[in-house]
Amino acid sequence: MAKAGAGSGLLEGAYRVLMRRNLVYIAFILTGALVGERVLDYGINNVWEQNNIGKRFEDIRVLGSRASEEE
Amino acid sequence: MMIRSVSRRLSTSLRSTFLTAEPKRSLPSAWYAEEGKFLGERNKALPALRLWSESMSQVFSTEALSSGEEAGVPATVAALKSPTANIVYDEYVHKRFPAGDPSKKAFTYFVLTGGRFIYASAIRLAILKFILSMSASKDVLAMASLEVDLSSIEPGNTVTVKWRGKPVFIRRRTEDDVKLANSVNLSELRDPQPDSDRVLNPEWLVLIGVCTHLGCVPLPNAGDYHGWFCPCHGSHYDISGRIRKGPAPYNLEVPTYKFLEENKLLVG
Numbered sequence: 001m002a003k004a005g006a007g008s009g010l011l012e013g014a015y016r017v018l019m020r021r022n023l024v025y026i027a028f029i030l031t032g033a034l035v036g037e038r039v040l041d042y043g044i045n046n047v048w049e050q051n052n053i054g055k056r057f058e059d060i061r062v063l064g065s066r067a068s069e070e071e
Numbered sequence: 001m002m003i004r005s006v007s008r009r010l011s012t013s014l015r016s017t018f019l020t021a022e023p024k025r026s027l028p029s030a031w032y033a034e035e036g037k038f039l040g041e042r043n044k045a046l047p048a049l050r051l052w053s054e055s056m057s058q059v060f061s062t063e064a065l066s067s068g069e070e071a072g073v074p075a076t077v078a079a080l081k082s083p084t085a086n087i088v089y090d091e092y093v094h095k096r097f098p099a100g101d102p103s104k105k106a107f108t109y110f111v112l113t114g115g116r117f118i119y120a121s122a123i124r125l126a127i128l129k130f131i132l133s134m135s136a137s138k139d140v141l142a143m144a145s146l147e148v149d150l151s152s153i154e155p156g157n158t159v160t161v162k163w164r165g166k167p168v169f170i171r172r173r174t175e176d177d178v179k180l181a182n183s184v185n186l187s188e189l190r191d192p193q194p195d196s197d198r199v200l201n202p203e204w205l206v207l208i209g210v211c212t213h214l215g216c217v218p219l220p221n222a223g224d225y226h227g228w229f230c231p232c233h234g235s236h237y238d239i240s241g242r243i244r245k246g247p248a249p250y251n252l253e254v255p256t257y258k259f260l261e262e263n264k265l266l267v268g
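As they're listed, the protein sequences go chains A and Z.
With our numbering, letter number 67 in the first sequence gets 67, and the count goes up by one each step, no holes.
With our numbering, letter number 141 in the second sequence gets 141, and the count goes up by one each step, no holes.
Chain Z on its own, in the form it takes in the complex (with noise of 0.2 Å):
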């Protein structure tokens, strides 16, 4: 604005515009014996000062303090109450485009657009971090309960669940598999357990699957017992996990686990 009403006055008084190589000319004379001097007097002292000074005089211009108070209008009022068609704009710093050419104006704002899609995606992972850092940790999880929906599960299938970081076996046992499981004889097993011990419903047999032999995961629907099968040692494990035949020393372990509802259980 400063420098569009100094161009102003400069045109309307018919001096070149200080943009030319000599603006000393363009000051009035006894302005510029009053500059000199007092340039004169600072440059013994400031060397450095001078040089910034004589640069700055070609961006900065000297015009606003000579005649706006002389004439008893300030410089703003006057450049205000004096319109020209004839703007000049300060083409030391930046070069413009010549008028006509098309602007590149759809351009510049989608490569500002591209920087807003990463601005975007930063600012989400952000709340995110400070969303999801209030959530459960892993410590408070590994020690959590689970909890399984027992609806889907049909007579006679096994599903495995992951518990505290070890596979959780959930059979339901049909008929024919709980009378099996009542009619072994306790004396015969290496660790005699009755069915009725390892479970809370006859239906549901829930069971640890970490074979006690060495920790392998036995298979279920395999041995020689109708129940699971170690394949790392050959570990048989009947309907109701216990121990029959193989190297295994104890039955499958029984967590404690209870039933919520009518279809879910807890388990831990």
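Pulled out of the complex, with its shape left as it was, chain A reads as follows (with noise of 0.2 Å):
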């Protein structure tokens, strides 16, 4: 509850930019889906890519540039 006083947080504000008019409500919905999608498509993927170092077919026979494991 950091933000003191009505109307004046960071959300309330958000809220009054975004929630007022119905279109641009679905225009933020939408954008945010697709931003929202490649963004977590990005990070998993760097996240799987990390737990599974040196087992994707791109890094046989790299030479020198990583260190590659075999758990």
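Keep in mind that the hints were calculated from the coordinates and are not lab data.
Please read all numbers here as calculations on a predicted model, not as lab measurements.
From the three backbone atoms N, C-alpha and C, an ideal C-beta is built for every residue, glycine too.
It is possible that part of the hints are untrue.
[What the hints assert, rightly or not] Okay, the calculated beta carbon distance ranges per label pair:
hint : chain 1 : residue 1 : chain 2 : residue 2 : range
1    : A       : 26        : Z       : 259       : 46 to 56 Å
2    : A       : 10        : Z       : 140       : 50 to 60 Å
3    : A       : 11        : Z       : 151       : 12 to 22 Å
[Stated by the list, open to error] Short, incomplete list of chain Z residues facing chain A, as computed with Cβ under 7 Å:
hint : residue
4    : 117
5    : 155
6    : 157
[What the hints assert, rightly or not] Per the computed footprint, the stretches of chain A lying under chain Z, defined by three or more beta-carbons under 8 Å from a beta-carbon of chain Z, are:
hint : stretch
7    : 13 to 20
8    : 46 to 60
Mind assembling these two chains? They're in different frames, but the hints should get you there.
Written out as structure tokens, the structure reads:
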């Protein structure tokens, strides 16, 4: 509850910008979905690859640029 | 609405609300006797029902059955005509924020917006799956023809395209290349074929880039005969794709092709 006073918080400001008009809100949802999907895909792919270094096809015969570990 | 109307009548008649621990006291005594008799008869048969009705009497008001009809005015009309500032909410099930607390409306709406991001992404996926399921499937694509745009190929350059999973070499030959191809004596070829048999238009040479020995892909602009060289076992092909040296038995295969317009080639 760090937002003191009605209407002054970050969320309230975002509410006033984004959720007054339905068209703006729908546009926000669509862009948020597209952007969020790409961000999540990128993030989770990186996590997967970090956990699986050396096991991908691209990692075969890589000379010197990456230390491959076989688990 | 019913609860509010009930509580209004309760306040006007100076009784405690039905939320207190003794709801039965607020009923008119005549009716209570009636109710006790009613419940008493049923309790012998259904003890579970008695427990339910006792617990429910704390949530659902029994007031509506009591006084409205006696005064000649229905309960709803009486409630509408007796507004009061003393609004009482049912706090049995939900806790309310104390008056003056900042509302959590914006936070709540943003949580819901997060859910709507996910719904939007799911709907987009569903639509894409349905529409793309109607596009060509892989077995259709595997037997397909390929259109190649020839306008960007300079004379002397070779372009490799993928058709039905195999590489196809398209070489735009120069005059010298054509002359060289035609100057070969057919009797010294392992697989004799004149160059004119292998091309529709001598300027354009179209070959399937699979070595006839054991299937490797020959490299362009390599080898002793100004053509292709297969690095696997050392087969040399010339500027018309014919085998000259090395273990391959046949010339490089020529696929069916035709020229659509000035600068387009349809392979297959």
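Okay, the hints, checked on the actual structure:
no.: 1; hint: A:26 / Z:259: 46 to 56 Å; in the structure: holds (50 Å)
no.: 2; hint: A:10 / Z:140: 50 to 60 Å; in the structure: holds (53 Å)
no.: 3; hint: A:11 / Z:151: 12 to 22 Å; in the structure: violated (57 Å)
no.: 4; hint: 117; in the structure: holds (5 Å)
no.: 5; hint: 155; in the structure: violated (37 Å)
no.: 6; hint: 157; in the structure: violated (29 Å)
no.: 7; hint: 13 to 20; in the structure: holds (count 3)
no.: 8; hint: 46 to 60; in the structure: violated (count 0)
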